[in-house]
Amino acid sequence: MRLWKFFALALATGSLALAQTTITIATVNNPDMIVMQKLTPEFEKANPGIKVNWVVLPENELRQKLTTDIATNAGSFDILTIGTYEAPIWGKNGWLVELKDLPATYDLEDIIKPVRAGLSYQGRLYALPFYAESSMLYYRKDLFAARGLTMPAQPTWNQVINWARTLHNPRGGVYGICLRGLPGWGENMAFISTLVNTYGGRWFDENWRPQLTSPEWKRAIGVYVDLVTRYGPPGVTGNGYTENLTLMAEGKCAMWVDATVAAGYLANPKTSKVADKIGFAKAPVAVTPNGSHWLWSWALAIPRSSKKVEAAKTFILWATSKDYIALVGRTQGWVSAPPGTRYSTYNNPEYQRAAPFAKVVLDSINTADPTKPTAKPVPYTGVQFVGIPEFQAIGTQVGQFIAGIVARRTSLDAGLAQAQAAVEKIMKEAGYLR
Amino acid sequence: MTQTQALVRSKTYRLRPNTAALLAPAILLLVVFTQIPFVLTLYYSFRRFNLLNPERQGFVGLENFHSHLTDPIFWTAVQNTLVLVGSVLVITVLMGLALAVLFYQDFPGRGLARTLAISPFFVMPVVSALIWKNMLMHPVYGLFAWLAQRLGQEPIDWLAAYPMQSIVLMVSWQWTPFAMLLILTGLQSLSKEQLEAAKIDGANAWQEFRYIIVPHLAQTLSVVVMLETIFLLTIFAEIYASTSGGPGLATTTLPYLIYLKAFGEYRIGVAAAGAVFAVILANIVAIFVLRLIGRNLQGGRT
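Each protein sequence line maps, in turn, to chains P and Y.
Taking my numbering, the leading residue of the first sequence gets 1403, the next gets one more, and so forth.
Taking my numbering, the leading residue of the second sequence gets 2, the next gets one more, and so forth.
Chain Y on its own, in the form it takes in the complex:
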């Protein structure tokens, strides 16, 4: 076992000199497709470029960045982004973990149940947002309003009264299956013998979960958190289709703010500066979250 592993490793890692030349086209393509847009974004972030006002253009130094940093709307957007990502992460990981442990058990119809549980992830975000908005949460035509009326309650205008909570709910509904799927895969690599041994030693279900399953899933969980953080930081369609960032600024996140600057106000320079901030924020969040997760899970293992 260890011998073959060593063999594989030595083979893959010892690159011959000419492999660099063979790799070059692929790497070049990657650079062209990922780095050129970013360089252009950087370039525009230093320019005044309002599509509607072609007369006033040119380099303005850090003015676009300054415009964001002195704007209370920008800080609200950063805060909203963090609240959205944080809440969805906590909900989806906990729900995903619970569902994964549930679907890991043997029961009749498990295959079908698993497929159904995963299906929300395959609904397009805009479609899911419109269904939530018009068929479920609408205060006149929605299912929730109908239920509330049946129970003799006043219907709630969800998107006006609890906008951020509604968005968190929609996004969590969509992303819980993703967490569940990855965690379930992780669970399947857990050896049954270990669980049986724990049972023989007299561990109850909670102890089994806490001291065997969770530590075993450490790596899977950090992958889930990392991937979800990357995707959730760019959540846009749900907000665009349901609340349009409002009411007020309640659901204006950083991606939505950038969209507003670019396509609501046609200020490409300011939008580009916002995008640069979004990249910085994504990096900070990623480093922070991964450190936190890594430490906690390692602590749990020892």
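Isolated chain P (complex conformation):
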């Protein structure tokens, strides 16, 4: 009998605790999100009715988990961390809660325009940006100065090839250039798409016919394979964003073209051995500036299956607000403030002082146009991806074929022909091609 009383008491206190709403957030294990998780007690203090539960996963696993969860309407999460690729597609499928009637204090007009557009479908906003990025060129000012080289405001790929040749010194522990080689649509193909774009190529023509065997693709992939096999570190096909970030921060690369979000990490003496030696320049161009640098944002969205939409919205508004950015600036240092989301961040003198890369980043994000990603017309939006559900399959397969070319398992022509055949097959089965 006593035991029963004990259970009844336990149940009663349990239901008291339930008066509090618990929301579950799924997010990616990037440094900026880890900071968000660390600062959550501040949010819970300000909103005593809401408790936050975290699920933190690496990017690929997160994507699989969220996609299967939302497509099967399982409803395990109240807030999803998704990107500019998913937001419009999922919004179109009716899987996300539209974010409208936001409070005036949130200042939606302060959100950087291309980022906001990238998270909308037909003018309806489906996610709020936590941070946003473009791509740019990182280089070692000390190595450039030692060789009497100067970096122009807008470098070209021909210049980059020459510099890589000059600065490549594997015996001295410095490789000419580090680039992504790990297969995956969000890994090597993100970078390679921008390279193909700037060499004048495109994924599809106006009738959705794949263009992978076009002269532009061959030229771009030829340049890429030459760069990584001659002047890159060994094991390129295993290097993604994280691996390259480590190599660059350890001082093993003379140049690196990748996400602007790495700037905060590389310029921070706590995390980078070369913090005072890093230079920043725009992503190199070849024949056209269109699509030479990407646009991406990690953003927070609410699935339709959530039963705690109001609490979830409260958290999203907090985590993407000006106040949150200021909180990170105060507690973690302004160099670590979430970049790329708000004009006000870039107008802030404190941020400008702490972040020498601020101007290049803002310029890059402002000029990345997902609606005009290539020189020739295309039927899709997206700079480093194609905004259709089938692109994950396409990007991942083509990424493998290109890794196969880098590892010298196939020739350039044979590899691209196989990739072309694979993409044609997917597009036929998906009903784009007859």
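Treat each hint with caution, since some may be false.
Stated by the list, open to error - Partial selection, computed: residues in chain Y whose CB lies under 10 Å from chain P:
(1) Asn51
(2) Pro55
(3) Glu56
(4) Pro156
(5) Thr244
(6) Pro248
(7) Tyr267
(8) Arg268
Everything labelled a hint here was simulated from the structure, so no lab data went into it.
Small disclaimer: the values here were computed from a predicted structure and weren't measured.
Yeah, the Cβ is synthetic: ideal placement off N, Cα and C, and Gly gets one too.
Starting from the known structure of chain P, fit chain Y onto it as the hints suggest.
Okay, now just chain Y, sitting in the frame of chain P:
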């Protein structure tokens, strides 16, 4: 001896009518847990079901199967699966046999040595793959690269230059102890008198091995081959954690291809069709391998 055996046999095999009813719940449970997933797989293999595209769904007949059969990637995957299973089988059985004969001998510290030799089998596949990838084979930080540099050689990027060989090496390292363990057990049932008799007749060590030990192990070996074939056909974690099926398609096996279709492309229908093919392949391989083994070993005995 034969009398008791006959007694046991007659007792076990003569089922009374009501035992069927007693067995039913267990059999039902077995059917529910093994056959329902398979029936569902069959069902989905005839449907177009792309998680990301809820608008285009429905029955498509044999389209998913046709999609695989006309895909060069599928045939590469089948070939890779057979190469992986075949190579690992040969290596593990030969190594396992050699090690088992070695550890069958008496020597000081044999217990400890046996335990150490078996331990790779207890390492989780993902952990073993990550250790091989990052601590041994990595061209910058790996032990092999360090050794190569010490010897004045260029370090090799193993997983890019020799991807399938690397996977075969990892899996063989893991599965040799399994073969060794089973073979060692088989050896222990070999009577010492037989070996002594052979020695008295003037047989040398090789003849002893070839004409007494191997024929004695016939049954054990076929069990090893059968069990390993079943497990090796589903090898996935090593590939997932080290090469992700690449570079190119060099290490894309059938299980990895099914994973890609289901969780890389979210095409559940196509993935289900791939799973059906995997079941068919497993059956073909099992029948083929067992026939081959059975015939050879019986031939050796006579």
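Hint by hint, here is what the structure shows:
no.: 1; hint: Asn51; in the structure: holds (7 Å)
no.: 2; hint: Pro55; in the structure: holds (6 Å)
no.: 3; hint: Glu56; in the structure: holds (8 Å)
no.: 4; hint: Pro156; in the structure: holds (6 Å)
no.: 5; hint: Thr244; in the structure: holds (9 Å)
no.: 6; hint: Pro248; in the structure: holds (4 Å)
no.: 7; hint: Tyr267; in the structure: holds (6 Å)
no.: 8; hint: Arg268; in the structure: holds (7 Å)
Of the numbered hints stated above, none is contradicted by the structure.
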